[in-house]
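Visitor: With the sequences and hints as input, model every part of the structure.
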Amino acid sequence: METATNQNTSTSQNYRLEFLGKGSEYFAIMIVNWLLTLITFGIYYPWARAKRLQYMYGHTALNSERFHFSGTGNEMFKGFIKLIVFYILMMGGYMLLLTYLKSPLLAILYLYLALFAIIPFAVHGSFRYRMSRTSYRGIRFGYRGNRNELVKNFFKWLFFTIITFGIYGAWLQMNLRRYTHQHIRYGDVEFSNEGEGSEYFLLNLKGYIFTLFTLGIYLFWWQKDIFEYYINKMKMSKGETGIECHSSATGGGFFLLLAGNLLITVFTLGFGKAWADVRTQKFICNSIQMQGNINIDEIHQTEEEYTNAFGEDAMDFFEIDLA
Amino acid sequence: MNPTVAALYFDGQSSASRPVVLQFDEPFLELHLLFAGENTMVWPLSELRFENYGQVLEIRSQLHSGALVKTEDPGFSQAFIKAMKQNKHVDVHSRLLGLGFSKLMVLALVLIALVGLAYFYALPPLAERAATLLPESFDEEIGNIVMESIIDEEEIDVEKTKVLQSFASRLRLNNTKALTFTVVHSEQVNAFALPNGQIVVYSGILDGMNSPEELIALLGHEATHVNKRHSIQMLCRNLSGYMVVSLLLSDVNGIMAVLADNAQQLHSLSYSRRFEKEADEEGLSILMNNHANPYGMVQLFEQLEKENKFSVPTILSTHPLTTERKENMQKIISGSSYEIKPDTNLSSIFELLKD
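Listed in order, the protein sequences are those of chains A and B. If you're matching positions, the first sequence starts at 1 in the numbering used here and goes up one per residue. If you're matching positions, the second sequence starts at 324 in the numbering used here and goes up one per residue.
All the given hints hold, so there is nothing to weed out.
Here are the computed lysine to any residue pairs in the SDA-like style, where the Cα-Cα straight-line distance is at most 25 Å:
#: 1; chain 1: A; residue 1: Lys-22; chain 2: B; residue 2: Lys-426
#: 2; chain 1: A; residue 1: Lys-235; chain 2: B; residue 2: Ser-337
#: 3; chain 1: B; residue 1: Lys-500; chain 2: B; residue 2: Phe-598
#: 4; chain 1: A; residue 1: Lys-22; chain 2: B; residue 2: Glu-381
#: 5; chain 1: A; residue 1: Lys-273; chain 2: B; residue 2: Leu-432
#: 6; chain 1: B; residue 1: Lys-408; chain 2: B; residue 2: Phe-424
To be clear, the hints were calculated from the coordinates, so they are not data collected in a lab.
Guide: Structure below.
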């Protein structure tokens, strides 16, 4: 059973992930968010987002101990401003090309380029931010990816995707996932992901064809396969010890989740979204099974204080939280 | 002596927890962490953040990164949270949340009602007022954009356009800006005015007319929409509504989309009943000023009603309650004095418009 205080690190143990949130509680959070966003004419938005994340993280527990999200509205507000500045610069460039050079083709090309160019920066920034603000049992998560390396790789993958008319997209997604996941740390625990573009491509091809032939019914099983692939390829390791993940989600489960969420949301005119979100979170947590021999009582902080890291890395424009 | 409770302590360096005794020194606003072996840590309240999950209370200090204490004592939690509130270490969000579910719902409903009231009653007049601040050049530009797309999509009847121009040039339409008239070749029973003074009449509506008075009534009605800048006012109204909604949903892109969408839809924009009434009444007085028979307006409505029996004419779907408007016209006509001087030139030009 889940004995977190197991002293013998070589014996295998289960880890229980669960979501303890309630729809009504989350709904109250959303109502207050909405009230405050309304009376501040939308300015409260980043703070509202922080509250939502804090609730979601705070009610996710591993072996009965809760996660914690320490990001604040103030931080996210700064990110929000950065995003607006970028948006203005981008649209400004677009307008300039359109009005002065009178070249709509160039302007649209520029717009697409700018939008694609921000993706790797945004991925890097949001991983860094999210991870540095997440902790469990007092130990922070961290993201140690190298931004320049990611940007270089991303454009290489993007280039392949374009010249293969999108087929390489499966490899792009898996490569990106592998890169980001293998740079996640939880104290001295390292994460990794062994997703392969070829497998992911075949999985999606199969899903697509079956969905087509079953008039969409297979969609839920396709969803399940994707989720399973994401989860089963994830691993954690610490020295000689490790944790393996596997998904216990079923296609039927996905059907009940998604159809139920749709009904809840539609019949409550959207007010039931809080309950739908909680259902989703519970489903995800219940579907992730973890087994291994890392003793979660013996993890040591290795991440630097993020506030210091920020100082040396202040040029990182996109250290913001994205959806 | 302050009461003590048992708690678990995570130091932020290792994931292992160890027991600690918590002592809340309320007068000094301090939390004391008493470890075995006489070690004591002092956490000032001003540096603390806490999370309350049912029975569980998690307290973190900003001075000790990652460190947290966790306790499940209800009495302690209550006293601690109360002190945090009194010393303003609890934000507005948590305070509101503390009101409880039912009070929150009431508050939300009141706010929804207020927003609804503002949206339907305060916003439209404000937006219409704002429209008067827009320069005339805005009307021109937006009208030109829409006209360009109409020229692309519709088949313009060049001959009849010339005829209609000469018909209108013989009328006094109370216009302040130059009006241009265009006939579009289409079965649709439709006509509309653009803010730049473009009045577009579909051949479908012309074919159904029996007298030049009906056409004068139609042109008078549409000219009034231009003269009174109705479409710009409606645009501002629609836009302000969307702007508030978008603001609430924090959707900036939406506003731009709405602006573009509304500009495209300008010719099928439905005016408010007040604007339609105004255009009817002004149109009627234009009829009278031109010494035409004011019953032309009534006939126009009758034609539209007749069309209605076979198919819904486009012009009606955007002009509600034809019967009511017709009755309003009849009431005004019977209460006013007017002089009819038939213009034979107008009649002959009118015949050219029909075939």
